[in-house]
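Visitor: Residue numbers (the numbering used here), protein chains in the order written: chain A, 673 to 913; chain B, 673 to 913.
Quick caveat, the hints were computed from the structure, so don't treat them as lab data.
Warning: the hint list may mix true and false statements.
Claimed, not checked - Pairwise CB distance ranges (calculated):
| # | chain 1 | residue 1 | chain 2 | residue 2 | range |
| --- | --- | --- | --- | --- | --- |
| 1 | A | Gly736 | B | Thr845 | 52 to 58 angstroms |
| 2 | A | Asp681 | B | Pro781 | 50 to 56 angstroms |
| 3 | B | Ala769 | A | Ala788 | 20 to 26 angstroms |
What the hints assert, rightly or not - BS3-like, lysine-lysine: derived pairs with alpha carbons at most 25 angstroms apart:
| # | chain 1 | residue 1 | chain 2 | residue 2 |
| --- | --- | --- | --- | --- |
| 4 | B | Lys794 | A | Lys794 |
| 5 | B | Lys794 | A | Lys767 |
| 6 | A | Lys683 | B | Lys683 |
| 7 | A | Lys831 | A | Lys815 |
| 8 | A | Lys815 | B | Lys767 |
| 9 | A | Lys831 | B | Lys831 |
Glycine included, C-beta positions come from ideal geometry on N, C-alpha and C.
There are 2 protein chains.
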Amino acid sequence: MEKDFDPSDLKVIAFDVFGTVVDWHGGIAAEVERMVPGIDGGAFALAWRAGYVPAMRQVMERIGAGEGGFTLLDELHRGILDGVLREFGVTQLDKAAVRELNRAWHRLPAWPDAVAGLARLKTRYTVCTLSNGNIGLLTEMAKRAGLPWDCVLSAEVFKVYKPDPRVYLGAATVFDVNPGQVMLAAAHHDDLAAARGCGLRTAYIERPLEFGAGRPKDVSPRPDNTLHARDIGALADLLGC
Amino acid sequence: MEKDFDPSDLKVIAFDVFGTVVDWHGGIAAEVERMVPGIDGGAFALAWRAGYVPAMRQVMERIGAGEGGFTLLDELHRGILDGVLREFGVTQLDKAAVRELNRAWHRLPAWPDAVAGLARLKTRYTVCTLSNGNIGLLTEMAKRAGLPWDCVLSAEVFKVYKPDPRVYLGAATVFDVNPGQVMLAAAHHDDLAAARGCGLRTAYIERPLEFGAGRPKDVSPRPDNTLHARDIGALADLLGC
Chain A
673 MEKDFDPSDL KVIAFDVFGT VVDWHGGIAA EVERMVPGID GGAFALAWRA
723 GYVPAMRQVM ERIGAGEGGF TLLDELHRGI LDGVLREFGV TQLDKAAVRE
773 LNRAWHRLPA WPDAVAGLAR LKTRYTVCTL SNGNIGLLTE MAKRAGLPWD
823 CVLSAEVFKV YKPDPRVYLG AATVFDVNPG QVMLAAAHHD DLAAARGCGL
873 RTAYIERPLE FGAGRPKDVS PRPDNTLHAR DIGALADLLG C
Chain B
673 MEKDFDPSDL KVIAFDVFGT VVDWHGGIAA EVERMVPGID GGAFALAWRA
723 GYVPAMRQVM ERIGAGEGGF TLLDELHRGI LDGVLREFGV TQLDKAAVRE
773 LNRAWHRLPA WPDAVAGLAR LKTRYTVCTL SNGNIGLLTE MAKRAGLPWD
823 CVLSAEVFKV YKPDPRVYLG AATVFDVNPG QVMLAAAHHD DLAAARGCGL
873 RTAYIERPLE FGAGRPKDVS PRPDNTLHAR DIGALADLLG C
């Protein structure tokens, strides 16, 4: 724990969602296997997710060049999905089925510790999403999984994607607090580093199985983060909730 | 009930908040009387609220003329408050106390039927705010009053105020549904009329004491609304929740 960190000065805990709060790999793999029997759902999930960062960067480059507006993550997912379906030779899904599959991101299962951990944190802090997922996606996900957010906050509100500083600083502005009174909780060091660069506190959440059991992730602590927690329950322990 | 209305086709119930879900008159009057003993809190609340529509229109005129951006309701309230304090001859509050008073809008009490009624509606529909209040204000209010929103949606997301059509249509876009699958629930006919103009369903909620016991409001039904309900519990009854 950073030595100048006082949990009682903290007001908001903002969560990255995909990978941190919900299991995108397991959820997407299961839905793909249900709709396309015999497919390698895990490989399909990895390929779909791999398209996300390049697609998001393209949007940010277009916005930066003044050549386009913000695009919702649902639309990015849909564009990537078409390519992945071709890559995996899936031709039997009609338009309605592809749309249904694209909404699998709305139905991702929470990691087992998430609902109870968030409920504990919520007793003392404002607990919100801070995700590149669009508001509709995050709301449907929360409703299905029972995630007890105080507020669904999204890149959609700021019309730019993380890691753009406007998202992290925007969270502080929305709640009328200093950046140091907001903590980003995430399973990704790049997200946390960008938040730290804006003055936010950071908590790394271990999700060793984010990419599936076949690809365990290095979850060793890095000293730059304010806190390091095995899961969201452990984060509540560290914060005395 | 409109004869072409099928509750099972409805997806989202979006609530106006001030007056419809929370008692701004009673809440503001009580906070003012606590901070400024001897003042007529009810009259103060009415004066403060009376400044809201003109202030909001000014913002929209500036946006329309390309001369300014969106302003949060917290800031509008603060600007109006300065004038009302002068009008009521209140000079004893320092800057921190005025700021604290301005945040009374974050602490408004829910009408007695609101929490239970929303919880019932939430079992079948996505239930969100659709308010000119800013996200931070609405989130703190929900947390304190226990309002179980699926999503805190605000004019702040769309960067224009109701009754601009972009707010009502924006709610449908956010949840990826048709305007007719969204119902606005409000205690104000002008808000409902604007929503109806965008194709939304409408539910009028009776709040006869919105302006205090001394100024009962005419809450008679108007035929243009899809539904007319005594309170949020009665709305849940009408929708079979």
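Visitor: For each hint, tell me whether it holds in the structure or not.
Guide: Going down the list of hints, with the structure as the test:
| no. | hint | verdict |
| --- | --- | --- |
| 1 | Gly736/A <-> Thr845/B: 52 to 58 angstroms | violated (24 angstroms) |
| 2 | Asp681/A <-> Pro781/B: 50 to 56 angstroms | violated (28 angstroms) |
| 3 | Ala769/B <-> Ala788/A: 20 to 26 angstroms | violated (39 angstroms) |
| 4 | Lys794/B <-> Lys794/A | holds (20 angstroms) |
| 5 | Lys794/B <-> Lys767/A | violated (30 angstroms) |
| 6 | Lys683/A <-> Lys683/B | violated (33 angstroms) |
| 7 | Lys831/A <-> Lys815/A | holds (24 angstroms) |
| 8 | Lys815/A <-> Lys767/B | violated (41 angstroms) |
| 9 | Lys831/A <-> Lys831/B | holds (11 angstroms) |
Consistency note: the structure conflicts with the earlier hints numbered 1, 2, 3, 5, 6 and 8.
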